[in-house]
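Novice: Go ahead and model the full structure; you've got the sequences and the hints to work with.
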Amino acid sequence: MNAMKDELKEYRQYVATRLNQLLPYLQNYALGDFSTSIGFPDEPDEFTELIMGLNLMVDDVRDMHGEQEKTIANRRDSENRLTALNQLQGKLIRPGSLSKKMKRITSGLVDILSADFARIWIVNKGDLCALGCVHTQEVEDHHVCLDRNRCLHLI
0 MNAMKDELKE YRQYVATRLN QLLPYLQNYA LGDFSTSIGF PDEPDEFTEL
50 IMGLNLMVDD VRDMHGEQEK TIANRRDSEN RLTALNQLQG KLIRPGSLSK
100 KMKRITSGLV DILSADFARI WIVNKGDLCA LGCVHTQEVE DHHVCLDRNR
150 CLHLI
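Read in order, the letters of the sequence shown correspond to residues 0 to 154 in numbering that gives the first Met the number 0.
It should be emphasised that the hints constitute simulated quantities derived from the structure, not laboratory data. No residue lacks a Cβ here, since even glycine has one placed at the ideal position from N, Cα and C. Do not take every clue at face value.
With a Cα cut of at most 25 Å, we get these calculated SDA-like pairs of lysine to any residue [to be verified]:
| no. | residue 1 | residue 2 |
| --- | --- | --- |
| 1 | K100 | I154 |
| 2 | K90 | L153 |
| 3 | K99 | A83 |
| 4 | K90 | K100 |
| 5 | K69 | S113 |
| 6 | K102 | L153 |
| 7 | K4 | T16 |
| 8 | K90 | A117 |
| 9 | K99 | R118 |
Pair by pair, the computed Cβ-Cβ distance ranges are [stated by the list, open to error]:
| no. | residue 1 | residue 2 | range |
| --- | --- | --- | --- |
| 10 | G65 | L127 | 49 to 57 Å |
| 11 | L127 | K100 | 19 to 27 Å |
| 12 | A72 | S36 | 19 to 27 Å |
Specialist: What follows is the structure in structure tokens.
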């Protein structure tokens with residue numbers, strides 16, 4: 000009977016020691032720090048499956064946290080773009096010439112969307128048809144001019 004009690008006492012001490020080894024990791028996880036995984040023992044024991052499960056859970060939480068951070072960053076970027084577009088709209092409402100407003104639009108879009116460039120085209124009557132426009136000279140290509148009353152003009 001004493002041997003069994005000693006064995007049980009030894010096992011309880013072993014379990015307490017193993018749980019104390021896990022405690023710092025669990026405390027970090029409880030505080031939201033998932034930067035470390037729990038190392039596996041040299042010899043598999045009763046805690047190996049628990050450690051494996053905790054590590055898998057921590058990996059999943061890390062992945063979810065990363066996705067959440069990306070979502071937050073994307074939303075913040077969208078909010079910043081909307082704010083900038085609203086400010087641009089406010090500038091366009093003010094009095095000014097059409098050419099200045101068009102310049103504000105293109106410059107604003109380049110800044111807001113981080114674009115390399117922006118251009119505004121309008122549809123108007125052809126003005127270069129008789130002066131050598133490349134589209135009036137095409138006959139079979141997809142660039143052929145279909146309607147000289149509707150040409151694109153860069154502003």
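Novice: If any of the earlier hints don't hold here, list their numbers in rising order.
Specialist: none
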